[in-house]
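Note that the protein sequences, when read in sequence, are chains U and G. Start counting the first sequence at 43; every next residue gets the next number (our numbering). Start counting the second sequence at 435; every next residue gets the next number (our numbering).
Careful, some of the hints might be misleading.
Label pairs and their in silico Cβ distance ranges [said to hold, decoys possible]:
#: 1; chain 1: U; residue 1: A242; chain 2: G; residue 2: G589; range: 30 to 40 Å
#: 2; chain 1: U; residue 1: E165; chain 2: G; residue 2: D525; range: 27 to 37 Å
#: 3; chain 1: G; residue 1: I463; chain 2: U; residue 2: F253; range: 17 to 27 Å
Stretch by stretch, here's where chain U covers chain G in the computed footprint (C-beta under 8 Å, at least three residues) [to be verified]:
#: 4; region: 452-463
#: 5; region: 486-496
For the record, the hints were derived by calculation from the structure and aren't laboratory data. All figures in this text were calculated on a predicted structure; none of them were measured in a lab. Beta carbons: idealized from backbone N, C-alpha and C, even for Gly.
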Amino acid sequence: MTALSALLLRDMRLAVRVGGGALMGVLFFLIVVTLVPFAVGPDLAQLRRIGPAILWLGALLASLLTLDRLLAADHEDGSLDLILMGGTPLELAVLAKAVAHWVASCLPLVVATPLLGLFLNLEPLAIGAVALTLLAGTPALTCIGLIGAALSVALRRGGLLLPVLVLPLTVPVLIFGVAASNAAVAGPMSFGAPFLILCALSLGSLVLGPFAAAAALRHGLE
Amino acid sequence: MALVGPNGSGKSSLLRLIAGLLRPSAGWIELQGGDAERSVPEQAHYLGHLDALKPSLTVAENLRFWTRYLGEQTAALDEPLAATGLGGLADLPAAYLSAGQRRRLSLARLIAVPRPIWLLDEPTSALDAGGQGRLADLMREHLATGGMLIAATHGPLGIDAGELRLGGAA
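Chain U with its partners taken away, still in its complex shape (with noise of 0.2 Å):
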């Protein structure tokens, strides 16, 4: 437990400090959704139809912009040999790796959803419905792209794939996520069947992705 809250403080503590990046994805993020009314004309009510679906697009792609450092800053200084050494397991320690992660780069995207809502002329409730599916599909996005940067740690420029290997698998988050946001506003469905699917991908990604990661980690590196 101490070795596992060790490495959670280490990544955070990581992520705040020089070239760590945590604040780079929600600039990315505003950077994103600013640019979208320059793109589709000022039209107030289709900005506030594609809002959610610009939101989530956006917050997607801002949560892969520091994946591929995830575990490939830590392959790269020998930090990774290490970690596979000590006792604790590698499923667990990559858990910890994406829990840090996820609380560094995805949580300041969903704090940031409010204030970007508005710049989309959403109404409350459907920056309501926005903060609290991201704050539910994050974790999935998170976990799946554990995988992913397991996967090409060992390659030189394996940052490029990342993307590539990621956003197809990340297809369902973002469907269901959409959903469940515009049937918060528009109906004609509820919220809730969406909303507890999306809540279902997070919780099997995180059982998931573990394990998957760890697998593709040991035999990654041999």
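Knowing the structure of chain U, use the given hints to seat chain G on it.
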């Protein structure tokens, strides 16, 4: 024991095998007289070519993380830092350390968390004469307390050690 041999003869690979970072294609690794509850890698320290330090953390934070991760909860950090000659640098970010100082900081990890096996891959690289002397003292101390060490090296280690020569008749 010192592992010697030309470049590419398999010194580092043998150390990584013992550390459990490579899987043997045949055979197995067994430690006699160790702790039966723990695997060989869990009883070993591996000091590779890379120093496993984060440049944005301070010297003390780096060392504290590794001691806690490797299972030593309340280790005093002053002693290992002083033993490796980094006593006054505890609050300096590791980014400002020279190659030799980084090496010393990774050595401090070996002292802070006692483990019976030390696997050292060219431990003297980047160390100055004083540092090599300290390293020899530390290795002697480790051996005197019943420890075991296997070091891949090209130069003299500074201690009396058996020698395993790998690769060809070089």
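Each hint, compared with the structure:
1. A242/U <-> G589/G: 30 to 40 Å: Violated, at about 59 Å.
2. E165/U <-> D525/G: 27 to 37 Å: With Cβ atoms ~50 Å apart, the hint is violated.
3. I463/G <-> F253/U: 17 to 27 Å: The hinted range 17 to 27 Å holds for I463/G and F253/U, with Cβ atoms some 26 Å apart.
4. 452-463: Holds, because 5 residues of the region 452-463 of chain G bring their Cβ atoms closer than 8 Å to Cβ atoms of chain U.
5. 486-496: As far as the region 486-496 of chain G goes, the hint holds, because 7 residues have Cβ atoms under 8 Å from chain U.
Comparing the model with each numbered hint stated earlier shows that hints 1, 2 do not hold.
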